[in-house]
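S.K.: Residues per chain, in single letters:
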Amino acid sequence: MTAWPALVLLRAVTWPAVLGLTAGAALVGAVGVALGPASTGSAPLATAGALLAAAAAFTMDEPSAPIVDITPTSPVRRTAARAYALSIPILAGALLAIAVHTRDPALSPTALAVAVLGNTLLGFAAACATRRRLAQPGGPAATAITVTLVAAPLLNPIARRVQLFPGSPPATLSSNTWWTLATASSLLTIAVSTYVRAGKPYA
Amino acid sequence: MTITEVYLDPVATRPVARLAALARFEMRRYVRHPMFPLGIGLLALGCYYLVLRDPLTDPGGLFGVPAFFLGVFGVAIGFRLTHSTRGADEVLDVAPASPQLRTGALCLAALVPFALGALTLAAILIFLRPAGPWAYGMLGPSDRFAMLAGEVAAVALGGPLLGIAVARWVRFAWALPLLVVLASVWVILVNGVAATYPHSFAAELLRLLTPDTYFLTLDQQPRQMETLPGSPWFFLGWQLCLCALAVTVALLRDAAPQRRRPLHVTLAAVGLAAVAMYLLAATGGLGHTVVTRPDGTVIPL
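These protein sequence lines map, in sequence, to chains F and E. For the first sequence, the positions run 1 to 203 when my numbering is used. For the second sequence, the positions run 1001 to 1301 when my numbering is used.
No lab work stands behind these hints, which were simulated from the structure alone. Note that the structure is a prediction, hence the values are computed from the model and not measured. Careful: at least some of the hints might be erroneous.
Derived coverage of chain E by chain F (criterion: at least 3 residues anywhere in the stretch with Cβ under 8 Å from a Cβ of chain F; other residues may be distant) [unchecked claim]: (1) 1064-1075; (2) 1155-1163; (3) 1180-1190; (4) 1237-1247.
Taking beta-carbon pairs under 8 Å as the criterion, some of the chain E residues facing chain F (in silico) [to be verified]: (5) Y1049; (6) R1080; (7) L1176; (8) A1274.
A short list of chain E residues far from chain F (calculated; beta carbon distances all over 10 Å) [stated by the list, open to error]: (9) P1015; (10) R1028; (11) A1088; (12) L1121; (13) F1127; (14) L1128; (15) G1132; (16) W1134; (17) A1175; (18) P1177; (19) P1198; (20) A1202; (21) A1256; (22) T1297; (23) L1301.
Beta carbons: idealized from backbone N, C-alpha and C, even for Gly.
With the rest of the complex left out, here is chain F (with noise of 0.2 Å):
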């Protein structure tokens, strides 16, 4: 047993994936951050951070999981030590939170923070979530989210009651709002399918 288990446990993380979505989501958020206060701008923030969902839903893909699953090592543990991998989409959201800022002042580096984080764990429950029934829970977790914060400002029900990003028009329910609750959530479902999974044999 080495000092930092995690780290070995990392090595199964599909990085390519995680760097690529990351990736991509840094060149959107460039894109948004270039556009400033304009109304456009807020746009490719919010896809930028659904992308970082996406990124943060791949971490939990495990190909080898026939073989994985029915180690001694329990999916507490597993699931713990791929949640070291969602530090590179929140250090790349946290570069976009600050570059963001950097160029409106008027939007509060808190609640971008509060954003990024809330979208990077929303696409960890995802993956979580499904990882019950799939060993790779990246593709079709990451599609769900992806679209669905993608899609959410086209439909005036949602887009009215909540603000999806801040900067977005403003809403009912407050970004800071909205992205606590989902963290809070997200954190329940991870918590609730990690330990479900623990409880059975070959999960």
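Since chain F is already given, all that's left is putting chain E on it; use the hints.
M.R.: Positioned in the frame of chain F, the structure of chain E alone reads:
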């Protein structure tokens, strides 16, 4: 019946009959994909709010709802259906259906969302309640039809074809979220740039360099309709050329050497037609943005 059984079953000796059998199977797979009923549900919700609950008073007020729930959802479905047979490559390679036949059948499955797009277009045309003749801006009945057909039906056809073409060439499953986001951001971005710089021809060229754009936009204060430059009919032609390009690019993957030459010729011909349509779309129609007010006054922006 599983997909492998369908591919292994020599359903007919004639290629057309075999293609039809495979296309029927791929259409069933398309309809059964979970994102398809979800997209229809969200499209119905969007149409309820946009067309029925608050009657659509201007043809430019669709806000990309049909384009997203038929087109972008179609990108995802087309991509995932194409990727789903990756694990069965070894079996499919010895099946009597060539990769081109299988890809052709997948492309024909895009007729399902296209039919749905055509129905949505018909519903919009029936339930559209224009606030007055000014709500159509400078567009005549023919141009209005071309604009709506491009915004709804052509996008519903092109989305799945784009997903299939990309999935045939890109083997990473994670390319899908990137594709969905980049396609959406590109459309939002270039239309936003054109709205910010209405007098720039470069911005105009950029606006039409997308698979989806709009030609009418409603200003609320003062209430007036802007008719944007460009020809809706030629833009529809450009969209259909993009669809043909996607099919050709998808068919080129794993094509036998004797089939590559005709596919390359087709690619060149469709590419030239696409460039011609794009240039005609950019130079046709109005030369600059024109504003139509409710009292009938027409002034350049």
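S.K.: Provide an ascending list of the numbers of those earlier hints which the structure does not satisfy.
M.R.: 2, 4, 8, 17 and 18
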